[in-house]
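2 protein chains.
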Amino acid sequence: MKTYSVVIVDGHVLLSQAIAHLVDSFEEFETLYICNNGQELLDKLKQNSVLPDIVLMDICMPELNGIQTTQLVSEIYPRINILALTADEDEHSIINMLRAGAKGYLFKSIEKSELEIALVDVITQGYHHTKNVSDVLIKFLMGESESKKVNLKQQELQFIRYVCSEMTYKEIAKSMYRSPKTIDGYRDALFKKLQVKNKIGLVMYAIKHKLYTP
Amino acid sequence: MKTYSVVIVDGHVLLSQAIAHLVDSFEEFETLYICNNGQELLDKLKQNSVLPDIVLMDICMPELNGIQTTQLVSEIYPRINILALTADEDEHSIINMLRAGAKGYLFKSIEKSELEIALVDVITQGYHHTKNVSDVLIKFLMGESESKKVNLKQQELQFIRYVCSEMTYKEIAKSMYRSPKTIDGYRDALFKKLQVKNKIGLVMYAIKHKLYTP
DNA sequence: GGGACAAAGCGGTTTTACCCTGTGTGAAAT
DNA sequence: ATTTCACACAGGGTAAAACCGCTTTGTCCC
Chain A
255 MKTYSVVIVD
265 GHVLLSQAIA
275 HLVDSFEEFE
285 TLYICNNGQE
295 LLDKLKQNSV
305 LPDIVLMDIC
315 MPELNGIQTT
325 QLVSEIYPRI
335 NILALTADED
345 EHSIINMLRA
355 GAKGYLFKSI
365 EKSELEIALV
375 DVITQGYHHT
385 KNVSDVLIKF
395 LMGESESKKV
405 NLKQQELQFI
415 RYVCSEMTYK
425 EIAKSMYRSP
435 KTIDGYRDAL
445 FKKLQVKNKI
455 GLVMYAIKHK
465 LYTP
Chain B
255 MKTYSVVIVD
265 GHVLLSQAIA
275 HLVDSFEEFE
285 TLYICNNGQE
295 LLDKLKQNSV
305 LPDIVLMDIC
315 MPELNGIQTT
325 QLVSEIYPRI
335 NILALTADED
345 EHSIINMLRA
355 GAKGYLFKSI
365 EKSELEIALV
375 DVITQGYHHT
385 KNVSDVLIKF
395 LMGESESKKV
405 NLKQQELQFI
415 RYVCSEMTYK
425 EIAKSMYRSP
435 KTIDGYRDAL
445 FKKLQVKNKI
455 GLVMYAIKHK
465 LYTP
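Those sequence lines, one after another, are chains A and B. Under our numbering, the first residue of the first sequence carries the number 255, and numbering increases by one thereafter. Under our numbering, the first residue of the second sequence carries the number 255, and numbering increases by one thereafter.
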């Protein structure tokens, strides 16, 4: 008997459809609908009177990404269980997704049987954490993690994006309408804050943390 | 009637399984087996006497990636039709995949009906090219593409990876057992060859072209 | 062998990056 | 009203990066 409804949110339609098939093949679950991005999910939730029991959410999506969407949805509809389902296996994504309110984090490299277990778990227990994810969480709690939430100001974000272009600091200063010495200050502050020693470090940080997309 | 067999190669098991479901839902196609990476595909092809009609191949995979695998398989088993099926939409991947012998290039953002059309096409016509892919091909042939195959020497590859770390040229010189001045030469040569003006440009090139993974 | 040519290596020079310390100025806190 | 703090900015110095031109080395071809 189909008792629980699932919504799938993934930027890649073919994958959404394929996963929908898979979900429908499970005893107790059925796909309610699929969405291409976070905005579409919000719209559908507003329109439909029937709320899903579970949302399977990818992270990498155009417009509204998985983390932002999770944050919004879990605030407005706390009864919906959101499970991350993504290829993104890095620490930051996991931490941020769980912080945003996800009830579990699944890699796309799991077996379909594990997906079913996760779905059942989240219904019966309210969460599902695999070993990999637990390890990251523990590492994080132990303070061994580098994800100590560094929050960057708008200005610093803009600066770091300029650094990723081939501009010199002098050129960046012009573009940002600041004195070159001020730019020196921005740089030094970021070096300290992000624990890097030069421009290259900044660029790598920006790319790893998706502040800049090559 | 199930007449044509399909093999799916994708680093993410859940996706392979989901797509397999989808393929099995099509009239004329059925999944023969799935593989987690290129090496596994080569092994299976060697072991089994029955060869698949079509291989759906992802690019991003551990060990042997999709492009390398396609090259090998299309040389040894020219009768197998390889279709790229990937989230990777950049020009380089498309060009390299087709150069390696793929009979078509599908984005994971297509509809499942399009997947079926592509499978039928590749059986009846021997290829399937969507508009997006054709556009890239034309652009490439017109010489407007930046993919003008710059081939880098082993030395230059190693150097460019060092540059992506936060090392100075002096440190790189030590690591590569070369004089700092020689390293200067490597750098200048690469600046010219890759049309960049500084270290940052090199780093961006390396990342865009997957010479270095952050 | 010797000339043509490209790549590797090297010295000197200028520009940029990096680092430390310090000043003035507003806005918020006490 | 003064303390505090964040911010824009400056001077001045060293190290590194980037650019130029020159010599050496090796290879290919007559």
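Keep in mind the hints are simulated off the structure, nothing from the lab. Misleading hints may appear alongside valid ones.
[What the hints assert, rightly or not] When the alpha-carbon atoms are kept at most 30 Å apart in a straight line, the in silico DSBU-like pairs for lysine-lysine are as follows:
no. : chain 1 : residue 1 : chain 2 : residue 2
1   : A       : K447      : A       : K407
2   : A       : K453      : B       : K366
3   : B       : K451      : A       : K407
4   : B       : K453      : A       : K447
5   : B       : K298      : A       : K424
6   : A       : K424      : A       : K366
7   : A       : K464      : B       : K464
8   : A       : K407      : A       : K446
9   : A       : K385      : A       : K446
10  : B       : K366      : A       : K298
11  : B       : K424      : A       : K447
12  : B       : K453      : A       : K451
13  : A       : K464      : B       : K300
14  : B       : K366      : A       : K366
15  : A       : K451      : B       : K366
16  : A       : K424      : B       : K462
17  : B       : K407      : B       : K366
18  : B       : K451      : A       : K424
19  : B       : K407      : A       : K453
20  : B       : K366      : A       : K424
21  : B       : K447      : A       : K451
22  : A       : K451      : B       : K446
[Said to hold, decoys possible] Derived coverage of chain B by chain A (criterion: at least 3 residues anywhere in the stretch with Cβ under 8 Å from a Cβ of chain A; other residues may be distant):
no. : stretch
23  : 294-303
24  : 444-456
[Claimed, not checked] Computed beta-carbon distance windows for the label pairs:
no. : chain 1 : residue 1 : chain 2 : residue 2 : range
25  : A       : D278      : B       : N302      : 22 to 32 Å
26  : B       : S279      : A       : E282      : 19 to 29 Å
27  : A       : K428      : B       : L465      : 50 to 60 Å
28  : A       : N302      : B       : R353      : 40 to 50 Å
29  : A       : S367      : B       : N302      : 20 to 30 Å
30  : A       : E281      : B       : S419      : 29 to 39 Å
31  : A       : S367      : B       : D389      : 33 to 43 Å
If you're wondering where the values come from, they're calculated on a predicted model, not measured in any experiment. Beta carbons: idealized from backbone N, C-alpha and C, even for Gly.
Okay, the hints, checked on the actual structure:
{"no.": "1", "hint": "K447(A) x K407(A)", "result": "holds (12 Å)"}
{"no.": "2", "hint": "K453(A) x K366(B)", "result": "violated (45 Å)"}
{"no.": "3", "hint": "K451(B) x K407(A)", "result": "holds (29 Å)"}
{"no.": "4", "hint": "K453(B) x K447(A)", "result": "holds (22 Å)"}
{"no.": "5", "hint": "K298(B) x K424(A)", "result": "violated (58 Å)"}
{"no.": "6", "hint": "K424(A) x K366(A)", "result": "violated (54 Å)"}
{"no.": "7", "hint": "K464(A) x K464(B)", "result": "holds (16 Å)"}
{"no.": "8", "hint": "K407(A) x K446(A)", "result": "holds (15 Å)"}
{"no.": "9", "hint": "K385(A) x K446(A)", "result": "violated (34 Å)"}
{"no.": "10", "hint": "K366(B) x K298(A)", "result": "holds (21 Å)"}
{"no.": "11", "hint": "K424(B) x K447(A)", "result": "holds (26 Å)"}
{"no.": "12", "hint": "K453(B) x K451(A)", "result": "holds (14 Å)"}
{"no.": "13", "hint": "K464(A) x K300(B)", "result": "violated (41 Å)"}
{"no.": "14", "hint": "K366(B) x K366(A)", "result": "holds (19 Å)"}
{"no.": "15", "hint": "K451(A) x K366(B)", "result": "violated (48 Å)"}
{"no.": "16", "hint": "K424(A) x K462(B)", "result": "holds (26 Å)"}
{"no.": "17", "hint": "K407(B) x K366(B)", "result": "violated (42 Å)"}
{"no.": "18", "hint": "K451(B) x K424(A)", "result": "holds (15 Å)"}
{"no.": "19", "hint": "K407(B) x K453(A)", "result": "holds (26 Å)"}
{"no.": "20", "hint": "K366(B) x K424(A)", "result": "violated (51 Å)"}
{"no.": "21", "hint": "K447(B) x K451(A)", "result": "holds (28 Å)"}
{"no.": "22", "hint": "K451(A) x K446(B)", "result": "holds (27 Å)"}
{"no.": "23", "hint": "294-303", "result": "violated (count 0)"}
{"no.": "24", "hint": "444-456", "result": "holds (count 6)"}
{"no.": "25", "hint": "D278(A) x N302(B): 22 to 32 Å", "result": "holds (30 Å)"}
{"no.": "26", "hint": "S279(B) x E282(A): 19 to 29 Å", "result": "holds (21 Å)"}
{"no.": "27", "hint": "K428(A) x L465(B): 50 to 60 Å", "result": "violated (31 Å)"}
{"no.": "28", "hint": "N302(A) x R353(B): 40 to 50 Å", "result": "holds (46 Å)"}
{"no.": "29", "hint": "S367(A) x N302(B): 20 to 30 Å", "result": "holds (24 Å)"}
{"no.": "30", "hint": "E281(A) x S419(B): 29 to 39 Å", "result": "violated (51 Å)"}
{"no.": "31", "hint": "S367(A) x D389(B): 33 to 43 Å", "result": "holds (41 Å)"}
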